[in-house]
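For the sequence shown, the working numbering begins at 1 and goes up steadily by one.
It should be emphasised that the hints constitute simulated quantities derived from the structure, not laboratory data.
No false leads were slipped in.
List time: in silico DSSO-like cross-link candidates among lysine-lysine, alpha-carbon distance up to 27 Å: (1) K162 with K316; (2) K59 with K71; (3) K306 with K316; (4) K192 with K59; (5) K78 with K433; (6) K316 with K433; (7) K78 with K267; (8) K316 with K71; (9) K119 with K467; (10) K425 with K119; (11) K162 with K433; (12) K192 with K162; (13) K332 with K306; (14) K92 with K71; (15) K425 with K162; (16) K162 with K184; (17) K339 with K192; (18) K351 with K332; (19) K92 with K178; (20) K162 with K59; (21) K184 with K351; (22) K433 with K119; (23) K351 with K302; (24) K278 with K71; (25) K339 with K162; (26) K306 with K351.
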Amino acid sequence: MAGVADRDELLSGRCVWVNGPIIVGAGPSGLAVGACLREQGVPFVILERADCIASLWQKRTYDRLRLHLPKQFCQLPKLPFPEEFPEYPTRKQFIGYLESYAKQFDISPRFNQSVQSAKYDETSGLWRVTAVVAGDDSGNRSAEVEYIGRWLVAATGENAEKVVPELEGLGEFGGDVKHVCDYKSGEVYRGKRVLVVGCGNSGMEVSLDLCDHDASPSMVVRDSVSDRSTINACRMIACSKMSGVLMGVGPPSSLQVHVLPREVLGKSTFELAVLLMKWLPLWLADRILVVLAWLVFGNVEKLGLKRPSTGPLELKNTQGRTPVLDIGAIGKIRSGEIKVVPGIKRFIPGKVELVDGQLLDVDSVILATGYRSNVPRWLRVLLFSLEQVSLLLSFACSMWRGKLISGGFNLQGSDFFFSKDGLPKSPFPNGWKGSCGLYAAGFTRRGLSGAAADAVRIADDIGRVWKEESEPAKKLICLP
1 MAGVADRDEL LSGRCVWVNG PIIVGAGPSG LAVGACLREQ GVPFVILERA DCIASLWQKR
61 TYDRLRLHLP KQFCQLPKLP FPEEFPEYPT RKQFIGYLES YAKQFDISPR FNQSVQSAKY
121 DETSGLWRVT AVVAGDDSGN RSAEVEYIGR WLVAATGENA EKVVPELEGL GEFGGDVKHV
181 CDYKSGEVYR GKRVLVVGCG NSGMEVSLDL CDHDASPSMV VRDSVSDRST INACRMIACS
241 KMSGVLMGVG PPSSLQVHVL PREVLGKSTF ELAVLLMKWL PLWLADRILV VLAWLVFGNV
301 EKLGLKRPST GPLELKNTQG RTPVLDIGAI GKIRSGEIKV VPGIKRFIPG KVELVDGQLL
361 DVDSVILATG YRSNVPRWLR VLLFSLEQVS LLLSFACSMW RGKLISGGFN LQGSDFFFSK
421 DGLPKSPFPN GWKGSCGLYA AGFTRRGLSG AAADAVRIAD DIGRVWKEES EPAKKLICLP
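When you get a sec, could you build the whole thing from the sequences and use the hints?
In structure tokens:
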């Protein structure tokens, strides 16, 4: 990697030429791209807003967290997990693995540098990336630095910033309210009544952790089968106000959840799903998984959890919605230790009113409402994928010839590389490369395995160009 200057040297020029890719983000995706580029002999710079690698894992995850998938599906390129690690490594073990990974491939990100904008300069054919270098304890103030390079890799991922829903009256609730990214352990909630908003993997696991620390969790499922008529009455109002943003009520597609056992007969459900998809059509693989879940859990609708009509694998492929892999929460729901409640109507001091009219006394609220990409905040241009470039050229040629394309061409909507939610338009495995040297790593909605696949493709693509352009220079140097 290009040598990392000290603060004074870095700020003296305020403009830094990068002889290789500029990678934004030092999480698993950014580290994987860096490692693969190192193997290709390509220099690079990684910019990271936090003061450490993998800040999501180090600073915004709870203590009991483990990888939800077996370790062989979560390792980064070029370095497997240690053999002594369990099948589902702990949070601490995974952080240690990432630190070893960075050391193994000599990756030294430039920390405390928050990217504010990235623009493509058409005149020079280069990327101009503006970052703010944070102030320090020595009294140095924050300052801007501009990085200029040929390639830009967005590696900030799908979970760059928390999603906080607008819930009526939450500001007047008066009790402790925090997003799950700030939750560490149920110990501080011992003996308290806690409302967990959200029933994904985080919501289920936090509810389980609260139970283990003698708290009393109630989990908002937003469309439990007992309150469907009330939710239907509220749905139009909620949708008109929130346009589908995650909240207590919302559009039908966001109100149901698939819960699968993490393992079946000692085998990972994820591993089984991969095997089924290899030999069977998607619909049949989905049917088998749903039947297995029914055999393990019984009818979860009786517990207040409605399954979507679309299968778990199809839902993951088409909408990116991950099924819940149960590690014990279903048993706690069945025993009544975790209470499932319907959507939220509003908060009042010390209480929450639900859409079915229930009024619950609540001491604390934990928002397990997920994360989103932050790419729209700093990527200032909308660039096209290779397929979209071809479409644009066809459009231009047709207009030049005076032809009219049926249906027109929308330059503001679906024809750009990144969508408005900060994810690539093209589905996996085609969402890793745009035009003009723009790449994306870790936006596949396929977790760490998807990020690893992106990293290999990106490094191979840049490495090929790097070697092709370096070869003539080597020949010139060797001339007598």
